Amino acid sequence: MMRVQHRSDRVGISARAVTRTHTRRRPARGDSDGKRRRALRPDRGSTGARHLTGSPETPGAPTPAVGWFNLGGHVSDLANALQKGAEQAAEPHGLIPAEIMLLAACGRLEECTASQLAPLLPVDASRVSRLVNGLVERGLLRRRRIRSDRRLVMLRLSPEGHEVTTAVAAHLDAYYARLIAGLSEDQMRAFAETAQAIAANYEEIRDP
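Residue 49 in the working numbering sits at position 66 of the sequence shown, and the numbers go up by one each step.
It should be emphasised that the hints constitute simulated quantities derived from the structure, not laboratory data. Treat the numbers as computed from the prediction; the structure is a model and nothing was measured. Cβ atoms here follow ideal geometry from the backbone N, Cα and C, with glycine treated the same way. Please note that the accuracy of each hint is not assured.
Listed below are the simulated SDA-like cross-link pairs for lysine to any residue, each with C-alpha atoms no more than 25 Å apart in a straight line [as the list claims (entries may be wrong)]:
id, residue 1, residue 2
1, LYS67, LEU162
2, LYS67, ILE181
3, LYS67, ALA175
4, LYS67, ALA157
5, LYS67, ALA178
Pair ranges (Cβ atoms, derived) [unchecked claim]:
id, residue 1, residue 2, range
6, ARG161, ARG134, 43 to 51 Å
7, ASN116, PRO142, 13 to 21 Å
8, ARG134, LYS67, 25 to 33 Å
9, LEU162, ASN116, 30 to 38 Å
10, MET171, ARG134, 42 to 50 Å
All chains should be built: construct the whole structure from the sequences, respecting the hints.
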């Protein structure tokens, strides 16, 4: 059985997409054989995702171990799909994906500070503060000062904030169901394990 994800977890969509580029050389003028020279050649597999193909003997070509797999391209395609879904879910409420992510994170923590939210969002701390202010003004978040330390401000969802996150979660559930249509449980498990392994490698690179 696959682990069932909490509804508020499914709202937390990254707003960042990886920029993907493919470089192609123009043929040199006056080439006697008329052949087009290029180091990398974009190709499409059966899934429609772009790959980089090339020969290991070609200078600058991908190595045999990873040459067939364009990680940035696959991640960019997936991130774009998730970003579009988050925008569609947020728009009816007059919000942006970063605000939806903040509300969802606050809902998971039940009560938290802005500094606790910052590491959970793909934005810097100063923007988190601006997002919080806007959501408080709209009545989706509530502030509470701690009596023992008036400098400490706790945040929690208002009833209206709960309604918004519930509606967004329902929208994303339906959207995700369409994205994974036709995939087996084994495929989903393999995808989850692969994503977790890549994320673990990143943590080692980031914090050696």
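Violating hint indices (sorted, rising): As far as the earlier hints go, only 8 is violated by this structure.
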